[in-house]
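Participant: Take a look at the letters that make up each chain.
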Amino acid sequence: KQEVTQIPAALSVPEGENLVLNCSFTDSAIYNLQWFRQDPGKGLTSLLLIQSSQREQTSGRLNASLDKSSGRSTLYIAASQPGDSATYLCAVSNSNSGYALNFGKGTSLLVTP
Amino acid sequence: DAGITQSPRHKVTETGTPVTLRCHQTENHRYMYWYRQDPGHGLRLIHYSYGVKDTDKGEVSDGYSVSRSKTEDFLLTLESATSSQTSVYFCAIAASGGAREQFFGPGTRLTVL
Chain A
1 KQEVTQIPAA LSVPEGENLV LNCSFTDSAI YNLQWFRQDP GKGLTSLLLI QSSQREQTSG
61 RLNASLDKSS GRSTLYIAAS QPGDSATYLC AVSNSNSGYA LNFGKGTSLL VTP
Chain B
1001 DAGITQSPRH KVTETGTPVT LRCHQTENHR YMYWYRQDPG HGLRLIHYSY GVKDTDKGEV
1061 SDGYSVSRSK TEDFLLTLES ATSSQTSVYF CAIAASGGAR EQFFGPGTRL TVL
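Chains as they are written, first to last, in this note's numbering: chain A, 1 to 113; chain B, 1001 to 1113.
Do not rely on the hints blindly, as some may be mistaken.
Simulated crosslink set (EDC-like; lysine to aspartate or glutamate; CA at most 20 angstroms straight-line) [as the list claims (entries may be wrong)]: (1) Lys-1011(B) / Asp-1038(B); (2) Lys-1057(B) / Glu-3(A); (3) Lys-105(A) / Asp-1054(B); (4) Lys-1(A) / Glu-1059(B).
No lab work stands behind these hints: they were computed from the structure.
In this text the structure is predicted, and so the values were computed from the model without any measurement.
Please take these sequences and the hints and turn them into a complete structure.
Facilitator: Structural data, given as structure tokens:
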């Protein structure tokens, strides 16, 4: 069974800092990996998707990397802003279960002004 | 935003009553999923569908059934609701082939008293 772990569980940083969120998974036979953002009481917004053959993806101030062989991904946020405060979720899919996602429990990020 | 709606958005019901949640998409995507989100557990897969009338169980399917009679609609039914089914329920969709990126609906908050 695929297990996804996110470290740290919570993080507080001052505005302007660069930060890294970590995700690890136990089964390297993934189809893809997605990073999501979730604001309190809201749904999930897809931030970045990395297919199994890719090493990284970038969108604006966000960069996600994937090392499939070691079962690790990182989400790098540059020049953090208070508006980045949210919970960030990492999820991986395998080809079984209809490519459903297995989620980590998330990293709760607070960016203080 | 992906065209996914969920109804109702909030529901309070009593133990033992049947409940049906609806997910509706306008993207004509083949895959649809139901997840539940609970503190301490993260998001977990309940059921998924890979086409009209084609469904299968996920990790936490006990007490739930699903139906998909049209591409655009995926129904989740709690035959006899229990307090342990109090949760936030999310529907997601994904295209077949390619990156298979999943997009999530806004969620339904269900309280079983």
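Participant: State for each hint whether it applies.
Facilitator: Outcome of the hint check:
Pair hint Lys-1011(B) plus Asp-1038(B) holds up; C-alpha atoms about 16 angstroms apart against a cutoff of 20 angstroms. Between Lys-1057(B) and Glu-3(A), the direct Cα distance comes to roughly 18 angstroms. Compliance with the 20 angstroms bound is thereby established for this hinted pair. Distance hint between Lys-105(A) and Asp-1054(B) is unfulfilled; the C-alpha atoms sit about 29 angstroms from each other, more than 20 angstroms. With a C-alpha separation of about 10 angstroms, the suggested pairing of Lys-1(A) with Glu-1059(B) holds against the 20 angstroms cut-off.
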